[in-house]
Amino acid sequence: MRGDNPPPVFETYFGLLVLLTLSAGLAAALLAVSAVLGPRRHESATLDPYECGVPSAGDLRRRTSVRYYVTAVLFILFDLEVAFLWAWAVVFHESPLENLAAMGVFIGVLGVGYAYAWAKGAFEWD
Amino acid sequence: MSLAVLLAAKAVVLVLLLLNLVPLLVWVERKASALIQDRVGPNRAGILGLRFAGMFHNLADVGKMLTKEDIVPAGVDRLPFVLAPALGLTVALAAAAVIPVADVWSSGGRSVPLQVADLDVGILWVFAVSSLGVYSIVLAGWASRSRFPLLGALRSAAQLVSYEVPLALAAISVALCFGTLRPNEIVEAQGDLVFGALPQWGILLQPVAFVIFVTGALAETNRLPFDLPEGESEIVGYHVEYSSMKFGMFMMAEYIHVAVASALAATLFLGGWQVPWLPTEALRTHAGPVLAGLGAIGALGGAAALAGALRLPRGVTAPRSRDALAIGGLGLAGVVAGLAAAATGLGADLGPGARATVAAAAQALAFGAKTLLLCFGFVWVRWTLPRFRYDQLMRLGWRQLTPLALANLVLTAGALAALGELSR
Chain A
1 MRGDNPPPVF
11 ETYFGLLVLL
21 TLSAGLAAAL
31 LAVSAVLGPR
41 RHESATLDPY
51 ECGVPSAGDL
61 RRRTSVRYYV
71 TAVLFILFDL
81 EVAFLWAWAV
91 VFHESPLENL
101 AAMGVFIGVL
111 GVGYAYAWAK
121 GAFEWD
Chain B
1 MSLAVLLAAK
11 AVVLVLLLLN
21 LVPLLVWVER
31 KASALIQDRV
41 GPNRAGILGL
51 RFAGMFHNLA
61 DVGKMLTKED
71 IVPAGVDRLP
81 FVLAPALGLT
91 VALAAAAVIP
101 VADVWSSGGR
111 SVPLQVADLD
121 VGILWVFAVS
131 SLGVYSIVLA
141 GWASRSRFPL
151 LGALRSAAQL
161 VSYEVPLALA
171 AISVALCFGT
181 LRPNEIVEAQ
191 GDLVFGALPQ
201 WGILLQPVAF
211 VIFVTGALAE
221 TNRLPFDLPE
231 GESEIVGYHV
241 EYSSMKFGMF
251 MMAEYIHVAV
261 ASALAATLFL
271 GGWQVPWLPT
281 EALRTHAGPV
291 LAGLGAIGAL
301 GGAAALAGAL
311 RLPRGVTAPR
321 SRDALAIGGL
331 GLAGVVAGLA
341 AAATGLGADL
351 GPGARATVAA
361 AAQALAFGAK
371 TLLLCFGFVW
381 VRWTLPRFRY
391 DQLMRLGWRQ
401 LTPLALANLV
411 LTAGALAALG
421 ELSR
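Chains A and B are the protein sequences, given in the same order.
Each step along the first sequence adds one to the number in the numbering used here, with nothing skipped, and position 19 is 19.
Each step along the second sequence adds one to the number in the numbering used here, with nothing skipped, and position 232 is 232.
These are computed hints drawn from the structure, not numbers from a lab.
For each residue, glycine too, the CB sits at the ideal point set by N, CA and C.
Please note that the accuracy of each hint is not assured.
Stretches of chain A that chain B covers, calculated by requiring three or more beta carbons in the stretch to come under 8 Å of a beta carbon on chain B [stated by the list, open to error]: (1) 8–15; (2) 19–30; (3) 33–41; (4) 69–80; (5) 98–108; (6) 112–124.
Start from the sequences, fold in the hints, and give me the full structure.
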């Protein structure tokens, strides 16, 4: 199958376009229907943010420390790796040994980084 | 023109299928949890005295959510606040586009792939689109301008991001075995036999990857034991500021994600639309007996419904007499239709188009059964296991699943390379 003519664009992607439009339309319709049908009877407290009944104190839009930013950085590294692996998995059988060696180096380097991150305590949560 | 209509029709059917799976899964969840916790479960809501074992509670829920006040709290960022649930639902629905429910229907020179889009990077599409769901969660938490949703969104962003890697690595292991990302080709390859006896399903070739995939899928769909993003019962989740159908849309998105994850797991690991030991060609050649078998299954289902109805209290004044009548009638109709189909299958001579349709029906049934079985697995796990603590969750993801999935992938590649050299 691979290496044949490129697939017909319309046949391949038109369904996706319809599906995306349909899903987005459905979501919009649900929002609209619920906005129209719902009653509007607020008390003053209805519109307050939920904080377990305690009066809210301080500004709610301030900087929040994302404690797990190391996780985010590691995720980007690993997900890039995964992005390469998708393509690699498809062409692997064309020359298995070479591909194994190539990806072995790649994963090896990543593995060293992973071990370093582990040793530095990037995977500790307190 | 007719091609455009056909493609649009497939998209409509897919959306309808997924939308109807939501109430079904909610019903299964409620009844299964009741079964597990030794209680009856919902059984009150009804239409004209018909209750169908609590099935109508879902309709009642939809009506209720649509007619509740649509609260937009003061101070929220309006556009992202409204956009978040819509995005979540859209993305969940779109992810299923590439999953085939049966082999390509073909007859007389026409062939129709039975999925919305037959992409050569199909598996990648599911991952790419369904992982956009994290945006809906983070947007919801941020736009709510409230402390608890913000914290919930941060928790869930870290969780979704952490389990995406092992999930993808597990899927790649399977793709590596079959050398393709096109869902139809992956399923087709799983029809081959190993040792001349067992169908070469992904779960057989990649048992470790299956465990990792299911664990990762539980985490990605925010289901227990990984439901920290939501944490409905004690820690407050990202959608606490949402009411009415906006809240409902988050729930719908969650159940659709469960259905899509199950369908993807069935495609990758349980042979997708493959009927074990019966490849598409065999199903088409023996379309008559296959139709008879399908009819027999339908008749058995009908008979089971009939038997169940007969056990309900009878008499005009009995509390559930209408239920008994309706379920019994449906059961009887099922028996008759099943027997008729069986008779047609055994007696009539089927044309090529009908043969292809019968084969596709059998495969769609097999695929549906596998998917629903996995969906039930999701429900079963939820009502059996307690929730992880946050640090346990992250530790499991980064210290156990990720290295395990990576090792599994490298071992798989090594074994495949060795096999390739040996067979040269």
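How does the coverage statement for the region 98–108 of chain A fare against chain B, requiring three or more residues with Cβ below 8 Å from a Cβ of that chain? holds (count 5)
Taking a Cβ-Cβ distance under 8 Å as contact, does the region 69–80 of chain A have three or more residues in contact with chain B? With 6 residues in contact (Cβ-Cβ under 8 Å with chain B), the coverage given for the region 69–80 of chain A holds.
Per-stretch coverage check for the region 8–15 of chain A, three Cβ contacts closer than 8 Å to chain B: This one holds; 6 residues, not fewer than the three required, reach chain B with a Cβ under 8 Å.
Establish whether the coverage given for the region 33–41 of chain A by chain B is satisfied; the threshold is a Cβ-Cβ distance below 8 Å, and no fewer than three residues must meet it. holds (count 8)
Go check the region 112–124 of chain A versus chain B for me, would you? Three or more residues, Cβ under 8 Å, otherwise it fails. Holds: 3 residues of the region 112–124 of chain A have a Cβ under 8 Å from chain B.
When I compare C-beta atoms, does the region 19–30 of chain A have three or more residues closer than 8 Å to chain B? holds (count 9)
In summary, the structure agrees with every hint in the numbered list given earlier.
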